[in-house]
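Protein chains: 2
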Amino acid sequence: MELIGIVAGFCTTASFVPQVVHTWRTKSVADISLRMYLMLCLGVALWIVYGILIGSLSVLLANLATFVLAASVLGMKLRYGRLSRKRDKRGP
Amino acid sequence: MELIGIVAGFCTTASFVPQVVHTWRTKSVADISLRMYLMLCLGVALWIVYGILIGSLSVLLANLATFVLAASVLGMKLRYGRLSRKRDKRGP
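Chains as they are written, first to last, in the numbering used here: chain A, 1 to 92; chain B, 1 to 92.
Simulated from the structure, these hints should not be mistaken for lab results.
There's no promise every hint is true.
As the list claims (entries may be wrong) - Under the rule of at most 35 Å between Cα atoms (straight-line distance), these lysine-lysine pairs were calculated in the DSBU-like manner:
| id | chain 1 | residue 1 | chain 2 | residue 2 |
| --- | --- | --- | --- | --- |
| 1 | A | LYS77 | B | LYS27 |
| 2 | B | LYS27 | A | LYS27 |
| 3 | B | LYS27 | B | LYS86 |
As the list claims (entries may be wrong) - Partial list, computed: chain B residues near chain A (C-beta under 10 Å):
| id | residue |
| --- | --- |
| 4 | CYS11 |
| 5 | VAL44 |
| 6 | LEU46 |
| 7 | TYR50 |
| 8 | ILE54 |
Quick reminder that beta carbons are idealized off the backbone N, C-alpha and C, glycines included.
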């Protein structure tokens, strides 16, 4: 039974890896919701606090990994989102 | 302490709402990773099974809500991704 929880945690955490790679390659972020990743990072940070408070290493580690991945998508969204707005202003 | 877990769960689940709205409005999905949402839906489905097995209503309900939201982004990615590829083939 615990195996299902571990595989579930692995899938939900690892699922952000393809998005990080996709965004890193394309540098294109218009379709990604900034609010989603702001809320997600906040929620995952709270899960990390919760994992510490209840002394659960799996909650802590899974959410630390998710935080690193989600925060990197958020960082690229902020960075490449700003670059593309500058390019639009300059025009062709 | 449980309040932190509840707020964390709410944030991580609700974080998908802005992405669903953003994608519904723009119908543009090129920047969204298909593999992310495939893995995420699989992982969340496993969390639902796990929630049933351990008899945890909060794990079950939070992940049911996340599944509905993530699956709708996945559905739009599949649908609008195909439409934009058809448009590209037809050319200007």
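Hint-by-hint comparison with the structure:
Pair hint LYS77 of chain A plus LYS27 of chain B holds up; C-alpha atoms about 18 Å apart against a cutoff of 35 Å. About 19 Å separates the Cα atoms of LYS27 of chain B and LYS27 of chain A, which keeps this hinted pair within 35 Å; it holds. For the suggested pair LYS27 of chain B and LYS86 of chain B, the alpha carbons sit about 14 Å apart, so the restraint of at most 35 Å is met. Interface hint status for CYS11 of chain B: upheld, as the beta-carbon distance to the closest one in chain A is roughly 3 Å, under 10 Å.
The beta carbon of VAL44 of chain B is positioned within 10 Å of a beta carbon in chain A (closest approach about 6 Å), and the interface hint is therefore held. At about 4 Å, the closest approach between the beta carbon of LEU46 of chain B and any beta carbon in chain A falls short of 10 Å, and the interface hint on this residue holds. Interface restraint check: TYR50 of chain B against chain A, minimum CB-CB distance 5 Å, threshold 10 Å, status holds. Using the Cβ-Cβ criterion of 10 Å, the hint placing ILE54 of chain B at the interface with chain A is satisfied: the shortest such distance is roughly 7 Å.
The structure is consistent with each of the numbered hints, conforming to all of them.
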